[in-house]
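Novice: Protein sequence lines, in the order shown, are assigned to chains A and B. Take the first sequence: its letters are residues 1 to 587, numbered as in the working numbering. Take the second sequence: its letters are residues 1 to 440, numbered as in the working numbering.
For the record, the hints were derived by calculation from the structure and aren't laboratory data. Among the hints, erroneous ones may be present.
Chain B is nowhere near these chain A residues, computed Cβ spacing over 12 Å in every case [what the hints assert, rightly or not]: (1) Ile45; (2) Glu77; (3) Gln79; (4) Thr130; (5) Val178; (6) Gly184; (7) Lys205; (8) Gln409; (9) Glu521.
Computed beta-carbon distance windows for the label pairs [to be verified]: (10) Glu72/A x Pro282/B: 48 to 54 Å; (11) Gly47/B x Gln409/A: 20 to 26 Å; (12) Gln27/A x Gly47/B: 42 to 48 Å; (13) Glu407/B x Glu544/A: 33 to 39 Å; (14) His74/A x Lys17/B: 42 to 48 Å; (15) Lys105/A x Gly47/B: 28 to 34 Å; (16) Thr38/A x Pro282/B: 23 to 29 Å.
For each residue, glycine too, the CB sits at the ideal point set by N, CA and C.
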Amino acid sequence: MQTKTTGIVRGIIANLVTIEVDGPVAQNEICFIHLGDTRLMAEVIKVSGKNASAQVYESTRGLRVGDHVTFEGHMLEVQLGPGLLSSNYDGLQNNLATMEDVFLKRGEYTEPIDREKKWDFKPTAKKGNTVTAGDWLGEVMEGWMVHRIMVPFVMTDTYTIEEITAEGSYTVDQRIAVVKDGQGRNHDITMVQKWPVKRAITAYKEKPRPYKVMETGVRTIDTFNPIAEGGTGFIPGPFGCGKTVLQHALAKQAEADIIVMAACGERANEVVEIFSEFPKLIDARTGRHLMERTTIICNTSNMPVAAREASVYTAMTICEYYRAMGHRALLLADSTSRWAQALREMSNRMEELPGQDAFPMDLPAIISNFYARAGIVKLNNDQTGSVTVIGTVSPAGGNLKEPVTESTQKATRCFYALSQNRADRKRYPAVDPMDSYSKYLEYPEIMQYYTEKVGPDWIDKVWEGKNYVRRGKEAYEQINILGDDGVPLEYHINYWKSELIDFIILQQDAFDDIDASTPMERQEYMYTKVIDICRKEYEFDDFEACSGFFKKLINIFRQMNYSEFQSDEFKRYETEIEKLLSDKVQA
Amino acid sequence: MAQAFQRIYTRLEGITKATVVLNAQRVMNDELATVDGRLAQVVKINGDRVTLQVFGGTEGIATNSEVVFWGEAPSLNVSDELSGRFFNAYGKPIDGGPEVEGEHREIGGPSVNPYKRKQPSQLIPTGIAGIDLNNTLVSGQKIPFFADPDQPYNQVMATVALRADVDKIILGGMGLTNDDYLYFRQSFENAGKLSKIISFVNTTDDPPVERLLIPDMALTAAEYFAVDKNEKVLVLLTDMTLYADALSIVSNRMDQIPSKDSMPGSLYSDLAKIYEKAVLLPSGGSITIIAVTTLNGGDITHAIPDNTGYITEGQLFLRHDSDTGKVIVDPFRSLSRLKQLVIGKQTREDHNQVMNTAIRLYADAADAKTKLENGFDLSDYDLRALDFAKEYSLKLLSIDVNINVTEMLERAWKLFAKHFSKEEVSIREDLIEKYWPGQE
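Isolated chain A (complex conformation) (with noise of 0.2 Å):
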């Protein structure tokens, strides 16, 4: 191995290192400086002839010009291999769950994953058989996800395998299997491989357009505007329109295999939120608990902002690792807009000339190479594995027209705005039914997926939906300027019609038990009496008698919506509406 190159420290303003180093050193190379015992570990963002700017991950108060510096030669890695599902990372991937003071100790830095646990190890693969990065050669049971062990990513040839361990317990430093590359050299493979983090893992055979729904269980999304699996979303809104709750429904509910939530420069309350109720919680499809299928990227806002930028390409890498497997992980970033001011704090100390609101000029190719990392892709064993990838924005004043935002709009096919007025009026989830858009609803192969689940006129329902809703908010809109009565009673019934849309489908109580999650069968029962109401003609002598009429009965759909699906209490209601219809039409 070569001699390591060393440098000196030149200059410091606040997380910035300028060092003078005296040899090779690489963009994006990862240093450690030191100061006494500790050591700081640091990111290289620039060189200039014999000086290096590094920004350090985390504080360097007390750091002095001519203090040491030791690179790496690589580049920020993540260790991936069994053991990554239930544990709780910071940016860095240090385990905080191993740190044991109260406090971060500046430079304590912890091991991802534990050496010394045993896995259950199974071959799969076959001597002889040959093989190239991500092929699987066996597995462990982790928890009750099968976690394939793969060659390595960062192995590029076609390899010959030499010699796999038979079934038994091992850790993830032994060697489970050999294997040789083109030129007869021998490789070992162990459980445990790294990668670097800002690079995209691509071991598979091909990346086709995303052609499945991913449910989430919450209405306004799986109805209205669904997202694809393997697609991309994202979440922008200003603060208290329930953008965290939103994410947390997602997190419990989604139909993915693999959570991996980055919790990138916002409240740790958030987090503990997380880390206290999800190993409580189960999930409903497989009976486990939540905590078993989750890896939290953990960054608040006030741990340092540099590790805050690493976090959700951390978060994101593991996802890669996960699909690799054939798994389908959805990644939560939570917010991207910390992410991209952790961008612009940097740029701003180096001086560089600034884009819109200061922010970096390429943020918009940062953010949209970070998106183009998700998909559903085909393994090179012909099985498929996806990564979805919703984040949230927290665009500055609520105002839409900045850049994270605007650069993210582009990078991603689903849009839920969230919007102040309905989060006012406590109508959550707030998501505004009309200026959210889900590009997948135009997809053929999404309409052929609700053709052959869901049924053949189920799209045309969802734009008949989004029509009554549209004809609804104008009609308020007529009613705010004219008046009452100084718009014709149809105005009124249009609606109360978009009324009873939002109020019983848009509409979630994310706190109770039963309407916080909607599995598709009862959305499809749901949303299809609601539009089979709206497509008859009412006939009402004033628009308060068409109003009572509504509210009555968005009074008892809403108490079905609380009630267990085709219970008596359900069935109950459900005559109640009958009648409530049948006796207007009578009448």
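Guided by the hints, dock chain B onto chain A, whose structure is given.
Specialist: For chain B alone, coordinates are given in the frame of chain A:
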């Protein structure tokens, strides 16, 4: 301070309004120094060139002024002797008492490991229904008042502090007028609680950049009592807008490119570092932060309230209600994000539904009012909603209400029954059956 290692320089290379530049060796980042007797801190090092931020401003500082490096970051002596005392931004007594003896601790220390935090779960009752009923406070929470400068935010904050059941109250006053400072002092004294109060105060008479030290001073004291003594600590920070203004002054002097509203690009991280000190510790100690962010004409899209809103766990809006002449806690724009942790758990089961219903009906009244203003006839429902809104504002939202949560719920039910039918209220049936007031 470590006198033995003091290094003294007497040649300044550059002076701006808030910073000085000199050549010095082996200087530490964040280290303190005195420039001509004034406190300063290292903010930038480039080779031998060191930039110092002078807290008290640089008026009268000469190129041959004496610069003394202390070899340490800003610190505070912590011990039980802090109780009942008043300090300036440097932690020096301003109440005529002696210097505090105790452990010398650097301010602005590390963050709590998020994995070691406990989930806040203890309600802090204030007696104000606009808070307890609609926006319940929880210990370990951080929440600001968003208020226009003419609103009585400091009074409301003092009331909340004195009613709250906590072991220590720590006041961090930034740019307080002398009158407000004396008001706080007076109300703490009158309540007989001076012994559990510690104050760090920068008044409008003091240089603005000094304010930057106040939150870290207050929170270092708070961490001593919460971590070392397992106490429940409430920290009051007023006014954080003036703190942020001081940040922008410094970044401007350092030629940084400003982002939105001429605030530094790091505003979010700077504010988060302060607010995120709010915590419930595994040992039971806690730090709760109630802050004040003053607004300009109610504009919450300005960078300061906007970034604050993304960091804090909700916000409390004060508003003058012209229909009743009372100052109320605005139910639409206020929010306590942690309220779901205690609502219906530490309070009655109907709390959540009653709270939401009352706000929905209040919103209906607001719509009716718009209709009225536009010259339209009001329906019977509209008229009843307006009557409800007036009473709701007077009997519940007004900040002079002082009752417990169950009484608040009872009051709300009475108002529902007085003005609306059961269908219009649209609450879960089992709750209606249990709590709807009987015909009397």
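Novice: Any Cβ of chain B at or closer than 12 Å to Gly184/A, or is the non-interface label fine?
Specialist: holds (47 Å)
Novice: Assuming the hint says 28 to 34 Å, is it satisfied by the Cβ distance from Lys105/A to Gly47/B or not?
Specialist: Hint holds: Cβ distance 30 Å, inside 28 to 34 Å.
Novice: For Gln79/A, which was marked as not at the interface, is the minimum beta-carbon distance to chain B over 12 Å?
Specialist: holds (19 Å)
Novice: Between His74/A and Lys17/B, does the C-beta distance stay in 42 to 48 Å?
Specialist: holds (45 Å)
Novice: Range first: 33 to 39 Å. Now tell me if the beta carbons of Glu407/B and Glu544/A are that far apart.
Specialist: 35 Å Cβ-Cβ, so the 33 to 39 Å window holds.
Novice: Per the stated criterion, does the least C-beta distance between Thr130/A and chain B lie above 12 Å, as a non-interface residue requires?
Specialist: The claim holds: Thr130/A sits with its nearest Cβ about 44 Å from chain B, beyond 12 Å.
Novice: Taking the CB of Glu72/A and the CB of Pro282/B, does the distance hold inside 48 to 54 Å?
Specialist: Violated - the Cβ-Cβ distance for Glu72/A and Pro282/B, about 34 Å, lies outside 48 to 54 Å.
Novice: Taking 23 to 29 Å as the hint, is the beta-carbon distance of Thr38/A and Pro282/B inside that range?
Specialist: Once the Cβ atoms are compared, 25 Å apart, the range 23 to 29 Å for Pro282/B and Thr38/A holds.
Novice: Examine each Cβ of chain B, and state whether all of them lie more than 12 Å from the Cβ of Lys205/A.
Specialist: Holds: least Cβ distance 39 Å, greater than 12 Å.
Novice: Verify that the Cβ of Glu521/A lies farther than 12 Å from every Cβ atom of chain B, and report whether the claim holds or is violated.
Specialist: holds (24 Å)
Novice: Could one say that the CB atoms of Gln27/A and Gly47/B fall in the range 42 to 48 Å?
Specialist: violated (23 Å)
Novice: With 12 Å as the threshold, tell me whether Ile45/A passes as away from chain B on beta-carbon distances.
Specialist: Consistent with the label, Ile45/A stays out of reach of chain B, its closest Cβ about 16 Å off (over 12 Å).
The structure fails to meet hints 10, 11, 12 from the earlier list, while all remaining hints are met.
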